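Could you build all of it, start to finish, from the sequences and the hints given here?
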Amino acid sequence: MSDQTTSVYTALESDCIRLVRIFPQSPDDPTADLRCTMRHFELDDLPAYSALSYAWGTEPSSRSILLNDQRFDVRKNLFDFLSLARNLSGPYAGWLFIDAISINQRDHAERSSQVSQMWRIYSSAIPVLAWLGPRHDNSDLAMQELGRNPSYWQDERNMSAIWIGASGRAIRALCSRPYWSRLWVFVELSLASKVQLVYGTAAVSWDAFRDFILATQGAVITPAVFDYVEGQLWKNPAIGEHQAMCALPAIQMIQYASMRAGSTDLWELMFALSHLDCGEPRDEVYALLGVAAPRGPELVIQSDYHTSLPNLLNTVLKHQHHLQPPESIEQVQSQCTKLESLFGE
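Read left to right, the sequence shown gives residues 1 to 345 (the UniProt record's numbering).
FYI, nobody ran anything at the bench for these hints, they're computed from the structure. Small disclaimer: the values here were computed from a predicted structure and weren't measured. Certain hints may be false.
What the hints assert, rightly or not - Between beta-carbon pairs, the in silico distance windows are:
1) Gln333 with Val300: 54 to 64 Å
2) Asn314 with Ile164: 51 to 61 Å
3) Glu268 with Gly147: 27 to 37 Å
4) Ser274 with Asn311: 18 to 28 Å
Note that CB positions come from ideal geometry on N, CA and C, so glycine has one too.
Here it is as structure tokens:
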């Protein structure tokens with residue numbers, strides 16, 4: 001993030017957030033800069049807004065927009081969303097919380113304060129927009145299938161047929177998107193009261209997507225069929241594709257995101273979700289604070305990006321020992337080994 005990019009920020013009070021609004025594309029000049037405005041709002045007096053859930057990506061911020069009439073650099077995936085959203089209505093045209101823009105990522109104190117409010121920001125947003133990226137891999141076909149009535153998938157013939165055609169390949173591609181491998185996505189989906197899955201210009205409700213996934217998991221695909229005319233046993237080609245689908249990242253994400261927020265301890269969550277990606281190691285703790293089981297004030301861990309990772313892990317271990325005192329030195333050694341394995345330190 002360049003110095004020019006950070007100059008757009010003014011001090012943000014701890015009880016406020018920034019929301020962004022995208023200006024529509026000018027019909028007279030389709031090549032004009034993508035323009036957004038950003039304002040401060042008090043958490044207790046927020047307008048109706050949506051929140052964006054997306055994969056940041058690992059490439060540098062190489063795309064430029066105008067934010068409050070100043071140059072601001074963003075990464076490609078976010079730029080793709082903004083470019084699409086400025087031509088759409090509904091939640092795209094209203095106020096949006098977009099973490100890469102709404103939070104000054106270079107201000108550690110502000111990041112710490114805002115991360116501690118994520119539970120409130122994403123639980124209050126209607127809807128949370130789960131952005132999978134621009135149209136890709138026959139994504140429109142996948143979204144069309146996901147929008148069907150759930151009763152359609154109760155018929156084994158329909159469930160079998162989809163996995164041996166273009167629709168099945170498109171859905172598998174959707175369920176393999178980088179979005180599903182991100183730790184913050186788990187948090188955002190767990191906190192959200194309403195989610196809209198967005199892929200290109202197509203959108204389906206999270207409920208429709210979840211119903212399809214649950215139907216897929218519960219489906220009984222007949223492995224083989226005996227052909228009485230030919231006198232042969234024919235293997236159902238859908239069985240292998242169906243099994244492969246059940247192992248995709250989106251399936252695990254739905255299972256974890258369906259857990260009630262606040263029902264699982266921080267320690268258990270950290271290791272259960274260790275397969276999910278997180279660019280900032282400390283976020284493997286901080287991201288989960290808003291969804292872990294609440295504890296007494298003496299056990300509160302505060303988001304603080306000035307804290308070193310070793311000091312943070314020491315706090316996490318103390319937190320766990322307060323909840324469940326260790327029974328032996330060997331148990332403490334085992335816990336330290338698990339932390340070392342998880343954080344690579």
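Which numbered hints fail:
Of the numbered hints given earlier, the structure breaks just one, which is hint 1.
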